[in-house]
Each structure stands twice: as C-alpha cells, then as structure tokens.
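In order, the protein sequence lines correspond to chains A and B.
Each residue of the first sequence is one higher than the one before, counting from 1 in my numbering.
Each residue of the second sequence is one higher than the one before, counting from 1 in my numbering.
The hints are simulated quantities; they were obtained by calculation from the structure and are not laboratory data.
Here the structure is a predicted model, which means the values were calculated and not measured.
Every residue gets a Cβ at the ideal spot worked out from N, C-alpha and C, and that includes glycine.
Certain hints may be false.
As the list claims (entries may be wrong) - Derived pair list, reagent style EDC-like, types lysine to aspartate or glutamate, alpha-carbon separation capped at 16 Å:
id, chain 1, residue 1, chain 2, residue 2
1, A, K106, A, D12
2, B, K400, A, E22
3, B, K398, A, E22
4, A, K54, B, D350
5, B, K21, A, E21
6, B, K397, A, E21
7, B, K400, A, E21
8, B, K397, B, E318
9, B, K398, A, E13
10, B, K313, B, E394
11, A, K106, A, E44
12, B, K398, A, D19
13, B, K21, A, D19
14, B, K400, A, D29
15, B, K397, B, D350
16, B, K398, B, E318
As the list claims (entries may be wrong) - Part of the chain A face toward chain B, derived, beta carbon under 7 Å:
id, residue
17, W20
18, D29
19, Q52
20, S53
21, T69
22, A74
23, I75
24, I76
Given next are the chains, with one letter for each unit.
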Amino acid sequence: MTIEDIQNEIIDEFSMFDDWEERYQYMIDLGKDLPLIDDQYKTESNIIKGCQSKVWVHAEMKGDKITFTADSDAIITKGIIAILIRAFSDQHPKDIIDANTDFIDKIGLKEHLSPTRANGLVSMVKQLKMYAIAYQTQLN
Amino acid sequence: MFNVQDIRKDFPILSRKVNGKPLVYFDNAATSQTPQQVIDVIVDYYTNYNANIHRGVHTLSQEATDLYEQARQKVQTHFNAKFSHEIILTSGTTHSINLVANGFSSLLKKGDEIIVSALEHHSNIVPWQMLCERTGAVLKVIPMNEDGELVMNDFNNLLSKNTKLVFVNHISNALGTINPIAYIIEKAHQVGAAVLIDGAQACPHIKPDVQALDVDFYVASAHKMCGPTGVGMLYGKEAWLNKLPPYQGGGEMIAEVTFEKTTYAGLPHKFEAGTPNIAGGVAFGAAIDYINNIGFDTIAAYENDLLDYATEKLLAIEGLKIYGTSKNKTSVISFNLENIHPYDIGTILDKLGIAVRTGHHCAQPIMDFYRIPGTVRASFSFYNTKEEIDALVEGVKKAKMMLS
Chain A
1 MTIEDIQNEI IDEFSMFDDW EERYQYMIDL GKDLPLIDDQ YKTESNIIKG CQSKVWVHAE
61 MKGDKITFTA DSDAIITKGI IAILIRAFSD QHPKDIIDAN TDFIDKIGLK EHLSPTRANG
121 LVSMVKQLKM YAIAYQTQLN
Chain B
1 MFNVQDIRKD FPILSRKVNG KPLVYFDNAA TSQTPQQVID VIVDYYTNYN ANIHRGVHTL
61 SQEATDLYEQ ARQKVQTHFN AKFSHEIILT SGTTHSINLV ANGFSSLLKK GDEIIVSALE
121 HHSNIVPWQM LCERTGAVLK VIPMNEDGEL VMNDFNNLLS KNTKLVFVNH ISNALGTINP
181 IAYIIEKAHQ VGAAVLIDGA QACPHIKPDV QALDVDFYVA SAHKMCGPTG VGMLYGKEAW
241 LNKLPPYQGG GEMIAEVTFE KTTYAGLPHK FEAGTPNIAG GVAFGAAIDY INNIGFDTIA
301 AYENDLLDYA TEKLLAIEGL KIYGTSKNKT SVISFNLENI HPYDIGTILD KLGIAVRTGH
361 HCAQPIMDFY RIPGTVRASF SFYNTKEEID ALVEGVKKAK MMLS
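Start from the sequences, fold in the hints, and give me the full structure.
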C-alpha cells in the first residue's frame, strides 16, 4: 500500500468514533502495537528532541525501503508515533520525503500538530523525514 | 466576608470553555489570571495616558510618570521597603536575578562561594553557574530531603567566610515547600554573605516584609500575583544597589553622557535603562491593590483549605503519589500515578478542560532527586473552588482508567 492508502485507511478507522475519548482510547491501543525499538538503539542520540516525554526512533534500510521502530515512556505519545510509523514504515525514502501529514488533522488530533505543543509530533515527523533524506542520499 | 463566587466574577477568563468544558484553571503557579480591575487599568492607561515617562515636559508624559511612580510606591509599601528607590521595576523575576548576578560578577573572585538550594528553578541555577564561570567562584548546593524540604544542618555546614551570596527561593515552584528564609538570612549574615530571595512563587500567597526579614535582595513577578506578564520587581537594600554596577546601558539610566565618559543616574533609574513596560508597571500596582483588598490572611486560610481538601481527595486514588509533603507548603500539589507518564495525564485532563502543568517544572534537579521524569502539578488560587477540585479528581480517575 502507498503512504496515502494507509493514511486513508487510518482516517476511515478514526471516522467511526464520535468523541475524543474513543479517539484517544483507540490511539492508546495503537500505541500498544507499536513496533518496538531494539534496546541497543535506545540511545541518547536516537532521542527526538522537543518532546516532553522521551521518544526514541530507529530507522533501518531493508532492500530499498525504510523500516522504523520506536518507543516512548508516555503512552499517548506512543500512540501518535505508532500512527506515524504505520504510515511511513516499509516505504521508499522518496515517498516518505514527499508525504504530507494532513491526515493527523483529519483524524481529529489536530491539537498535536501545533509546533508549540510539547509532545513534539512536529519533531517526530521531521525526524522520520530526516532519516528518509539521509537514506535517499545514499541511494543516489 | 470572602465569597469565592463573587471573586470569580472579577475574572472574565474563568467563565470560558476549553474543549467544550468549563475551564478549570489549576496552573496558577505558572501564571495567575487577571481580574477585570487590572485589565481596566491597562485599557485606561492606553486610552488616556499613554506617553513616554521621566522625560517629557508635556502633561501626558507627566501624568504617565506619576502613574508609574505611584505603582513603584505601591510595590514599596506592599513589600515594606524603606525607600521607593530600593524598588527596581524589571521585566520579571528572571530579569531581576540576572541583574543581581551580573552585578556580583565584579564583586566576586576566585575561591568565593555562592550557595543555592536544591529546590531551585532553572532560572535560579543558570545565572549563578554563568557567574561562577566568569569569576571562578564555586557553586554549593543545600540538599533536600524526601519531603522536599531543605536540610538546614547541611546548609550550616556549607557556610564559611568564603560564602559571598546565598540564593534560595521563598517557595519551591515544583513542590510548594515554604523555605525557612528568615533562618537562612540570619545565618548567612553571620558569615557576612548577602542573601537574595526569589519570591516569585511566594508573592501570590504571602506578603513579605523585606525590612523585618533583613533580606538584601528580594525578587518577584507581577504575573503570578494577578498582574500582567513582562513586569516584575527587584528589591535591594540601598547600600547594595549603590554598590552594584548598572546592568544595561541606555536611555533613562544616565545622568550625563559625553563620548569620553558617562555618569549614571541615581537609584532606581541606574537599573532601568530604556523605556519600561509602563502600562504593565501601572497594572502591577493595581494588582497589588486588588489582592490586598481581599487580604493575605483571607487568601492563605482559603487556599490552605483547598490544599487540604485536594490532598485528601487525590490521595484516595490508588497508586497516586504526592511529591513535596512538607507540612509547610502552599497550595501546590505535584503528583504522579503509578506507571503512568505525567504528560499522558496532563493531555487527558486538558481534553476535560482542566489546565495543569506537566513535566519537570524547570526544576530538573528535583525530578532527578525523586528519579522521575516529571510530575503533574495542580496549583490552586483563591478563585478556585472545591467543585473544581472534584472535577480534577474525577479527571485523574478517568485518565487512570484510560491509560492503564
């Protein structure tokens, strides 16, 4: 599936919910399925800056696609990163670089997109794209 | 007679909704809300008096200057300073601290010692570290205990003839502990050290008497005491303020300028370079009037009642731990739920319209002491109610249910 397909799938899933509580509960559940980062990569240099909770992300090239794994000490943050990784993992670097992140707004989590928000969703997106740029450069 | 429902009518923001729910504002330790009486003063200032001060011959300028200087006198009276020129109006506590730290850089030498407490806000640690780097002075730290209190025996052992400055907050922002500043000042003076007290967290709850305390410097911010942001004060004993060099150069702070030499203005203008936050200063005076009209005894009694009520209700939640359990504390509760990150709790509470602070509260050393990433901090003011505390308790229970 393309990143856009996955994003539409996530939007569909979230459209079933009527209120914030159900949306958050679902996000928290998604966080529990996050592909966890291997402990050896839980290093200081893999921590995403700008988050009030700790977020570690690791990226690995498998063939011509990037696989992301991550973890956080806060469960809501874990849910957000799980949603991002679901859309971006196992994709070509170029597609990750070009992807937009409007779907976060469309699933009713707009408040997390504000750059002033301490959870650092913006930093997470930036970090995933940075990995993609780095790998894209290698491929070229 | 204190009636919280009447008081709440003074604060227009308290009737707004957040995420569709009535706002419950429990982030008072970060900033307090502003009553209509203070908002009116700001509007009135820009509507009728706006001019630059201390320099115009025209009527507006003189009226604005009078208003600003009256505000300084209100600050002086409130803190019981001996002279109004011992009150420097600044942009806030951080500015005030940096002003003193900068001044001390010319008075300290290698081997001198500065004592700070383990309960400090980052703004109270960093300027002194910078000062130590510049001068070769050494920073010493008064340790804290499990209850979040400073250990006075250790403080006494740190004092020596090398101690030049002691710096402690009156009340801890992260935990609410009221520190024994009278004792600290007395002991520091016995070895000839100066004392600077950060009253940012104390001033919404306590009316300090700088002469009775015999403190050398005392600093505070207007925005934590129902005033506007961007204005605060530094009290310094006249002799100390004369000894310290100016902090910033600019207009207002000079007596005479030639290209060969500038002579500085007298106190307080020596430390007030440039056009100040005039409306903010005037409104600071109005905020002081406002809280004094309610009265600090009334405020303390009411807030203590809220604190006791909230402590009891929150502790009834299984797995909830309160950090900062000194008997001597103000209406601040820092807490965590077992195995749940404070950020998650804060996010859920926000969806319920409840504003709390989460994180390390700019006091990472305290969090390191407890080996936690941060806490949820609910801080109460005299305009909060027990019904709002009930909403918080229900919110925490809901967060626990959703997050476990």
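Comparing the hints with the structure gives:
no.: 1; hint: K106(A) - D12(A); in the structure: holds (10 Å)
no.: 2; hint: K400(B) - E22(A); in the structure: holds (15 Å)
no.: 3; hint: K398(B) - E22(A); in the structure: holds (13 Å)
no.: 4; hint: K54(A) - D350(B); in the structure: violated (20 Å)
no.: 5; hint: K21(B) - E21(A); in the structure: holds (14 Å)
no.: 6; hint: K397(B) - E21(A); in the structure: holds (14 Å)
no.: 7; hint: K400(B) - E21(A); in the structure: holds (13 Å)
no.: 8; hint: K397(B) - E318(B); in the structure: holds (9 Å)
no.: 9; hint: K398(B) - E13(A); in the structure: violated (23 Å)
no.: 10; hint: K313(B) - E394(B); in the structure: holds (10 Å)
no.: 11; hint: K106(A) - E44(A); in the structure: violated (33 Å)
no.: 12; hint: K398(B) - D19(A); in the structure: holds (15 Å)
no.: 13; hint: K21(B) - D19(A); in the structure: holds (13 Å)
no.: 14; hint: K400(B) - D29(A); in the structure: holds (14 Å)
no.: 15; hint: K397(B) - D350(B); in the structure: holds (14 Å)
no.: 16; hint: K398(B) - E318(B); in the structure: holds (13 Å)
no.: 17; hint: W20; in the structure: holds (5 Å)
no.: 18; hint: D29; in the structure: violated (10 Å)
no.: 19; hint: Q52; in the structure: holds (5 Å)
no.: 20; hint: S53; in the structure: holds (5 Å)
no.: 21; hint: T69; in the structure: violated (20 Å)
no.: 22; hint: A74; in the structure: holds (4 Å)
no.: 23; hint: I75; in the structure: holds (5 Å)
no.: 24; hint: I76; in the structure: holds (5 Å)
In summary, the numbered hints that this structure violates are 4, 9, 11, 18, 21.
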